[in-house]
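Protein chains in written order, with my numbering: chain Z, 2 to 481; chain G, 2 to 481; chain P, 2 to 481; chain F, 2 to 481.
Hints may be right or wrong, so weigh each one.
It does not matter which identical chain is meant; a pair holds if it fits inside one copy or across any two.
[What the hints assert, rightly or not] Computed cross-link-like contacts, DSBU-like style, restricted to lysine-lysine with a CA-CA straight-line distance of at most 35 Å:
no.: 1; residue 1: K157; residue 2: K421
no.: 2; residue 1: K152; residue 2: K354
no.: 3; residue 1: K354; residue 2: K157
no.: 4; residue 1: K421; residue 2: K152
no.: 5; residue 1: K376; residue 2: K354
no.: 6; residue 1: K69; residue 2: K161
no.: 7; residue 1: K178; residue 2: K421
no.: 8; residue 1: K178; residue 2: K381
no.: 9; residue 1: K178; residue 2: K354
no.: 10; residue 1: K421; residue 2: K381
no.: 11; residue 1: K421; residue 2: K319
no.: 12; residue 1: K381; residue 2: K152
no.: 13; residue 1: K354; residue 2: K69
no.: 14; residue 1: K152; residue 2: K69
no.: 15; residue 1: K319; residue 2: K157
no.: 16; residue 1: K381; residue 2: K157
no.: 17; residue 1: K319; residue 2: K354
Everything labelled a hint here was simulated from the structure, so no lab data went into it.
Protein chains: 4
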Amino acid sequence: MSAEIKGLNEECGIFGVWQDEHAAERTYFGLHSLQHRGQEGAGIVTVQANGRLLEHKGLGLLADAFSKPEQLAQLTGPCAIGHVRYGTAGTHGIENIQPFLFHFAQEDVALAHNGNLTNAVSLRTELEQDGAIFRTDSDTEVLMHLIQRQKGADFKARLKASLREIKGGFAYLVLTKNALYAALDPNGFRPLVVGRLDNGAYIVCSETCALDTVGAHFIRDVQPGELITIDDSGYHCEPFTTETQLSICSMEYIYFARPDSTIYGVNIHQARQRMGRRLAQESPVDADIVVGVPNSSLSAASGYALESGLPDELGLIKNQYSARTFIQPTQELREQGVRMKLAAVKAVVAGKKVALVDDSIVRGTTSNYIVRLLKEAGAKSVHLLISSPPLKYPCFYGIDIENTQELMAANYTIPEMCAKIGADSLHFLSLEGLIDAIDLPSHEPNRGLCVAYFNGDYPTPLYDYAATFKQPKTATKVMQ
Amino acid sequence: MSAEIKGLNEECGIFGVWQDEHAAERTYFGLHSLQHRGQEGAGIVTVQANGRLLEHKGLGLLADAFSKPEQLAQLTGPCAIGHVRYGTAGTHGIENIQPFLFHFAQEDVALAHNGNLTNAVSLRTELEQDGAIFRTDSDTEVLMHLIQRQKGADFKARLKASLREIKGGFAYLVLTKNALYAALDPNGFRPLVVGRLDNGAYIVCSETCALDTVGAHFIRDVQPGELITIDDSGYHCEPFTTETQLSICSMEYIYFARPDSTIYGVNIHQARQRMGRRLAQESPVDADIVVGVPNSSLSAASGYALESGLPDELGLIKNQYSARTFIQPTQELREQGVRMKLAAVKAVVAGKKVALVDDSIVRGTTSNYIVRLLKEAGAKSVHLLISSPPLKYPCFYGIDIENTQELMAANYTIPEMCAKIGADSLHFLSLEGLIDAIDLPSHEPNRGLCVAYFNGDYPTPLYDYAATFKQPKTATKVMQ
Amino acid sequence: MSAEIKGLNEECGIFGVWQDEHAAERTYFGLHSLQHRGQEGAGIVTVQANGRLLEHKGLGLLADAFSKPEQLAQLTGPCAIGHVRYGTAGTHGIENIQPFLFHFAQEDVALAHNGNLTNAVSLRTELEQDGAIFRTDSDTEVLMHLIQRQKGADFKARLKASLREIKGGFAYLVLTKNALYAALDPNGFRPLVVGRLDNGAYIVCSETCALDTVGAHFIRDVQPGELITIDDSGYHCEPFTTETQLSICSMEYIYFARPDSTIYGVNIHQARQRMGRRLAQESPVDADIVVGVPNSSLSAASGYALESGLPDELGLIKNQYSARTFIQPTQELREQGVRMKLAAVKAVVAGKKVALVDDSIVRGTTSNYIVRLLKEAGAKSVHLLISSPPLKYPCFYGIDIENTQELMAANYTIPEMCAKIGADSLHFLSLEGLIDAIDLPSHEPNRGLCVAYFNGDYPTPLYDYAATFKQPKTATKVMQ
Amino acid sequence: MSAEIKGLNEECGIFGVWQDEHAAERTYFGLHSLQHRGQEGAGIVTVQANGRLLEHKGLGLLADAFSKPEQLAQLTGPCAIGHVRYGTAGTHGIENIQPFLFHFAQEDVALAHNGNLTNAVSLRTELEQDGAIFRTDSDTEVLMHLIQRQKGADFKARLKASLREIKGGFAYLVLTKNALYAALDPNGFRPLVVGRLDNGAYIVCSETCALDTVGAHFIRDVQPGELITIDDSGYHCEPFTTETQLSICSMEYIYFARPDSTIYGVNIHQARQRMGRRLAQESPVDADIVVGVPNSSLSAASGYALESGLPDELGLIKNQYSARTFIQPTQELREQGVRMKLAAVKAVVAGKKVALVDDSIVRGTTSNYIVRLLKEAGAKSVHLLISSPPLKYPCFYGIDIENTQELMAANYTIPEMCAKIGADSLHFLSLEGLIDAIDLPSHEPNRGLCVAYFNGDYPTPLYDYAATFKQPKTATKVMQ
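If we strip away everything but chain Z, and leave its shape as in the complex, we get (with noise of 0.2 Å):
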C-alpha cells in the first residue's frame, strides 16, 4: 500500500516453472508472493500428460481465482506458467485474465505477459486487415499472431522474429508442451529473473521474492532483449536482438517490487532506506519524530530517522483487511471509508511535530486525508518527505498511468500542491538523489533506469502513443 494508497499499480506478475512434480502449486506459491502487482485475476496453465495445455482463471485475488481444491487439483502437469494480473479501464472480464491459452492443431500455446506494447494498436489493425480475428482486447495477443503467421516449422525463430516486431516494454512467458520461453523488452522495463529448485526445475518470474518462496535459488537477472529457452536440455540464453539499453523501471525500486526482492543487484528494501536518508540530507525538517505510510515506505522512513537522527515511530496503523468501498453515500461516510485502511496512533504522535514519509504523490487527496488524520490525532506540525521525485508525465511501458490530469504534480506547483495538502512543508527527493540512491551498477543513461515519469525523457520512441502523448510545457529535463 501507498504510492498515496494504491493511485498507482503495476499491471502484473508471472511465475514459470519447468519440470517440477508440483508445478500448479509450485506456481500458486509464487504467484501469491507477487499477489502485489495485481489482484484482479490470476491464472495458471500446465503441459498436461497427454501434451495439451489446461487451464484455470478467475477474477480476484489468487485465493479467489482458485478457491476450490479440485481447481488446482486437475492442473497436473509438471511444466507451468501464471498470472496475476491488474487490469486497466474497461478491460476486466474473465476474457482478459491471463494466461492466454491457443489450441492449435499442432500444439497448444500459452501466453503470460507483464508490460505494455507501445505499437499494439497499429499491429493489431495490420493483422485484422490481413483476416486475424482477436479474442480479447488485450495488447497481449498481438505476440501470438505475429508468431502464428510467421513462415516456418521452428517456433523459436519465429517466436524471435515475432519478438522483434513488438515495441515498448515486455516480459513474456510463452509455454509449449517442448518448452518454456522467457523474453525481455530491450529496454528491460520490467523485472525478469530465473532460478533454480533443488529438484533441477527451472523457475523464471518477475521478483526474486518468488524464488525465495517457493525454495529456489537466484541464477541470474534475464537481461534487455533477451530469450531464455527452458528444455528438458537445460537452460539456454540468447539475444533476439542487439541492440538494447538498460532502462529498468524506477518505480520498482521506489514502490512497485517487495522490499525482500532484488533486482539487478540491488535490494529494494536498502535501496528505499538509502532514498530516505538521501531525503533527509537533500531535506531535513524540524520534527520530534519520523513516521512512515505503511507498509511500502517503511523502509524509506527508516532511513530517513538513520540518517536525521529522529526516533522512527509507528505513528500509523494499516489495518491488514480488506475494505469495501461501495458503502460510500456522504461525504461523510466515505472519509471514514478511508480511515478503514489508515489509523493515526495519538499516543504516539500527540503534541509531536512528524517527519511524514510517504514514497510519491499521485492524486494528492489521500496525502490530504493522512496529514489531516494526524493533526486530528494531535500533531503539532507535519512535513511531508517524498523519497521520489515528482510524478508528471504518463508512462507507456506498464504502469497504469496514460494521462496527467490526475496527477498532481503534472498540474501544480510544489507550493500549490503543500497548500492542496495541509502539510507545513512538502520536500521531494530529487531527481539525481533518487538514481545515486538506487545505485544500479550500471554504465547506461540514467544508470540504467527508466524515470520518464519524471522528466518526460522517453528512452524509446512512442509509436502508437506518439500522436496523443503532448509533453506538458513545464517539463523541465533535470539530467543532462
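Chain Z is already provided as a structure; the job is to place chains G, P and F on it using the hints.
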C-alpha cells in the same frame, strides 16, 4: 499476526450505536476496525422503522459476509449492534454467527457477546430440564433464556438479575427497540468502551480504534460489573453487582488489541514498546540488529532496539494477502505454505547476529520455522526474545486456550524449548516485568491484570471447568 | 400446474424412512416425487452412527437445496426424515426450512410438518409468557416446546399429550435416535401413508406416489387421530385421541395430489376423470373439441371427453422449463411472461368451438388469459368448465387461502365471472357432483371430505382464526 | 422428453430481433420457448447505443444463465440475437456458449448457429495453416474467419462468399450494427422462420412457437440456400446459392420441435397424430388402452387411439421437476433415478393390455425400463409402438448421433430388440408411412425430408466425415 503467527485467537469484537442516521454503515466501519478480533463470521442487527429488528449475517470476513450492497442497505434503522466472530472448533455454522436475534410477541431482542461463560453448561442443563429449547451450541444464548424466565415486565430489571447469574468473562451488547444495553463481567476481562459521535449518537464497542475509525470521541471505559443503558434520554451507568475486581486480560495488551487502541488509559503500542524495553533490560543479547515478527511484534521490537541501542531492522516481510491452506500435499509444500506468510530480507539479515522479538510462543512450530528462515537467509545467530512470560495454563474467559497439551511452555523447560526451536538463545519477559511494563493505574491484584495463563492463578472460581482443569505440577506461582 | 396456473399452493410434503442402508438417498428420491407439494425449500435429517441427528437444508427445489454431492453424502445414517416446503408470505428464510432439528443434552429431535395449526398463536403466547424462546415464525415449532415442557421421561407419552393440545390440520413426522413417529390430526385433513421396502425398511410419506418411486409397497393410510411408532421392533399404530372425524381435504383430489397417487383407496387420476364425466353430465356445452389446461386438468378433460363423446385434443402446450418472472417492465411484456408458460396449438383450435376444462378458478386473471390465448389462436368459442365448485372461503388447515379478497368466486356471481374471464359460458361442478365423483368409501359428513372452501362449513372450531374470520354474507350452504 | 427419454438431443435454438424497444427481453422470451432445443447454455448479444455489441452468456438453462435482473437489463440496445445450446461431449465450457462475439476495429460481429458443418475440420486446418487463431473448438467460428479473410469492404458480399464455402447443416444468425442476417444451408436441414411484431420489428427464429410466444405473426419459412437481410430499410431475401434441395430433418417432426410449431406448413402436433394413425393402420395390436410416453409421444398416442378406437389413457406420469443424477451409488438406486422421471398410474394400467406409443428407440435401455414399470404396475401385456422407423445411421447435420454403436436398431434385429426390451411385441412405423404422415408439400426426394438416420441415404457428400463413416452392411435402403 503473530502470537506465533495466529496460533492464538480472540473470540470476538462487538460494536453498537444508538440513534445515528447511518447506523448500519457506521457499524460496518466499526466492525472493520475490529476485524482482528474475529474473522470467521460477522453480522449486524438494526432496529427498523416498524420497531422490529432486522439482521444480516454471514460467514468469513466482514467483506465476505456483506458482499452485496443490498445486504447492508436493507438495514435502514438508526440503532444497531454488530459482531465479528472467531469460532471455536465444532461451532462453525452460520447459526452460530452473532448477533443472535430473538422475535417475541411483544418485542424483538438481539444479543452480541465477547467472552466465555464458565457456568454456561450447568445453566443450560437446568434450563433445558425446565423445558427451554436452545437454538445454538453457543453459551451466548443462555442470557436470553435467563432474561425470558425472570418474572416482571421491566426488561432492564430482568436483564440485571440475569447478569448476576452468569459467570466468567463477558462483554454483552443487548439491543431492543427501546434501548441499547452494554454489560461487562465483574472482572472486566474483556475491553469495552463508550464514545459519542458529533451528531450526538452513542457508540459502545470493544476497542477505542473503532471509535477513531467512525469519528467518535472516547467517553469512558466500561467498568467491571457495570450495566450501561443507552436510550433516547442519554446514557446511564449503574453496577449490576458490587462484587467486582478488575482483571483485564493481559493478552489484550500483549497481542490481541490494535496498537492504536487505549484500554484503561494505557495505549497498546506504547505498552508493547515498554515490554520490549524491559525485555532488553532483563535479557540483553549479543546481536547486531533487532528484527520484530510483523506486525504485532514491531512495537516490542522497537522498544528493544531503543533500549539496547541496536538498530531496528526490517528483516522479515509479511505477505499482506491471505493464503489458502488447502494446498499441502507434501511436507515440502507445507513449509512453502508458511513461506507464503513470511519472508526474510536476505540483504538485511545475511551475516548478522539477530535479536528476534516475538510476542508469545504458543506451539513453537512456527517459531522454529522463523528461526530457520532467518538462518537460511544468512543470519549468523538468532536470539529469540519473547515480550511476555511463558504460556502454560488454559484461559476460560474468552481466549481459545482450553487445554495445555498444545502449549509448548506447558510441556517443556526453556532450554528444551530453545533447542526445539533451534534458536541460539531464548528469553521471556518476566511476569513482574510484564505487569510493570503495562503499568495499569490500578491497585487490584496484579495491578488489575489477568495473568492466569502465565501462572495458573485464576481470579474467579472456575465453575463448570473446575472438575476438568488439573493444575499442572510444573506450575510455578510467580507473583505471591 | 393450474389451480389457475399455481395461484393455489399446498404447504408441504413429508417423507420418513427407518432402517434403510440408503436412507438419505431414499428420502431424496421420495421428496423428489413430492416436489409438487412444495418448491421453496427442502431438507433432510438423518440419525447418524453416533446417535446424533445431522441435517442439510436449502432454499428452492430439491435439486437446488442439494446441489453438491457431499450435501447428501454426509447424511450417512439409516433413519431419516425429509420435507419439501411451500412458504407462505414473510417466512421465506432458510431458518423456516424444515425439518427442524433440536439438540438437547440427552438426545436430538427433528420435526417435519405438513398442515396448519389453528391454535398456534395462542399456544405460542402462553409458552412465551412461560419463558419459551422460539427460533422461527413457524407454527411447527410449537409441538417441540409442548413436548419439552411435558413432565415425565417417556418421550412417546410426552408426544401424545402434546398432540392432544394442538388443533387444526397436521401430519407430523418426529425423528429421534430411538424411533420415527408419524401423527395425523383427528380429521385427517392431510394425506399420510405407510409403506415398506423389500429390505424391510418402513416408509411414512405424504402420498403413495413416493412409495412407488422408492420401490416400496403400500401398507395403509394413516387414520385420523393416529400415532404411528416405527422402531427397530416394527411399526405400531395407536390413537392419541378417540374424537376423530375424517375430513380429508377435497383439493387433494381436485388439484394437489399427483395423478398416480391413491388416497383412502381412491386414485387421483380416476377421481378427476369422474369429475370430468360428472361435469359433462351436469353441463353439456356446444363444442367441437375438449381441451384441458395442462397438466393437472388433463384427467378431468379426458373424463369430459369420454362422457360427452367429443374428441380430447392437445390444444394447449405447457412449457416444461421454469420461467423467471423478474422481467416485467411493461404490461405488454408481462403478458408475454404468461405466454412463456402456456401456448395454444393454432392448428388444433383454429375455427373450433372449445370446451376448456380447468380444475379451479382462483383469481380468474389467468383464466382470462387462457381464454384470450385460445381465441387469438382462432377458437370460435370457448366454454370454460371447472371440475370443482366455486372457491369462496379460506382454508385454515394447510392450503394458502387465508383470505377471500383474492378469490374471484367470493366476490362475483358466476355470470360476472364469465364476463370478466371473457368465456362464452362458465360452468362449475356442483358440490354434490364433486363428492359423488370422488366417491370416498366413508359414512362421515360429506363422505369424509373437507369442502369448507366451497361452502364455509368448517369441520372443527377455528380457535385463533375464529375472531378474524367473518363468514361472507353471500355464502350459500350447499350441503345441508 | 422421450426420444427414449432424452437419449437424443438437438444442438440449438436461435432467435434474433431487429429494432424492438425491448429487444433483449423479447429474445429472452423467445429463447425460453426454444429451450427444448438446448439446455446447457444460453446467451444474448445486443447492439448497444454506441454501435458496439454487448453480450451476456451463461451455463445451464436460460433461467440459470440469466439469474440476476441486471444481466438482462444491461442489454439495452434495440437489436439482438440469442442462442440456447446443447453441448456435445468435451465442449461444455462457457467459452463455447453462443452467440460468439467478435470485436474488430471497424465494427463488432456476433454469430449464432444451429447445425453442424461437415467440412469444418478441413476448413479450420487450412485457416490455421494460413495463420488464423481460433478461440473455441466450435465449428461455428469457421464462418467468421472465412468472412474476415474475404477481400472487399462489403460485409454482405463477404458473408455470401463465405456461406458458399461451408457445407453441412446450418442456420446462422449474424448481427452487426447495420443489419441482422439469417442464412440457411442449401438443404434446409434445420428450421428457420421470419416473423414480425405489431410494432414493426422483425424476428428470425428456429420455430414458430417462439413467434407466438413473443406475439409476432409468421411471415415465411426461410428457404434452403437463402440469405435474409434485415436492416432499417426492411427485410430482403436472396439466394446465396442456387444449388438447393430441401431435406428438412424428419426428427424435427418426430421429436424435436414443439407441438405448437409449424414447419414448412406442417403443424408438428398434427403430423405426430398422423404418424400415430398410420402406425395403427400398419400395426394394429391386441390392446385395451393406448398409453403415450409423456410428453413428446402424447400426440402420436392420440392418433393411434383415434384410428384404433382404443381409449387414450394417462397411464404414465412425468415428474415435471428436474432430477439430479449424481446420486447413483448402487444399481438399485440407479433404477430409482429413472423412476424419478416417470411413474405408472397403477389404477389405469393394472390388468390391462397396453399399447405403449413412443417416438423413437435410441439405446433401448429406457424402453426396457418403461415396459417393466408398466408390468410392475399390473399391465397384462405391453405392445411397444414406435411412431418412426428404426434409427440406424449417424446424423452429420446437427443431431448428436455421431456413431451407431449406441443405437439399438443398428446392432439388433427387431425381434432381438423386442426381447431385450421385454415387450410383448414391437412395431415401427415404416419409412413410407412416416413420409406420408408428415405430408410435406414438396416434390423433392423423400418429399423434402432428410431420413438418412433411417436409411443411410445422405442428401449431400459427407466431406470430413466421409472417411470415417462406414455404412453398416445391414443397411437396407427403404426408399428407392
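Here is how each hint holds up against the structure:
| no. | hint | result |
| --- | --- | --- |
| 1 | K157 with K421 | neither (54 Å within a copy, 52 Å between copies) |
| 2 | K152 with K354 | neither (68 Å within a copy, 60 Å between copies) |
| 3 | K354 with K157 | neither (61 Å within a copy, 49 Å between copies) |
| 4 | K421 with K152 | neither (58 Å within a copy, 58 Å between copies) |
| 5 | K376 with K354 | within (10 Å within a copy, 39 Å between copies) |
| 6 | K69 with K161 | neither (38 Å within a copy, 47 Å between copies) |
| 7 | K178 with K421 | neither (56 Å within a copy, 45 Å between copies) |
| 8 | K178 with K381 | neither (64 Å within a copy, 44 Å between copies) |
| 9 | K178 with K354 | neither (61 Å within a copy, 47 Å between copies) |
| 10 | K421 with K381 | within (18 Å within a copy, 49 Å between copies) |
| 11 | K421 with K319 | both (24 Å within a copy, 34 Å between copies) |
| 12 | K381 with K152 | neither (70 Å within a copy, 57 Å between copies) |
| 13 | K354 with K69 | neither (50 Å within a copy, 42 Å between copies) |
| 14 | K152 with K69 | neither (42 Å within a copy, 48 Å between copies) |
| 15 | K319 with K157 | neither (47 Å within a copy, 39 Å between copies) |
| 16 | K381 with K157 | neither (63 Å within a copy, 46 Å between copies) |
| 17 | K319 with K354 | both (21 Å within a copy, 29 Å between copies) |
Going through the hint list in order, the structure does not satisfy hints 1, 2, 3, 4, 6, 7, 8, 9, 12, 13, 14, 15 and 16.
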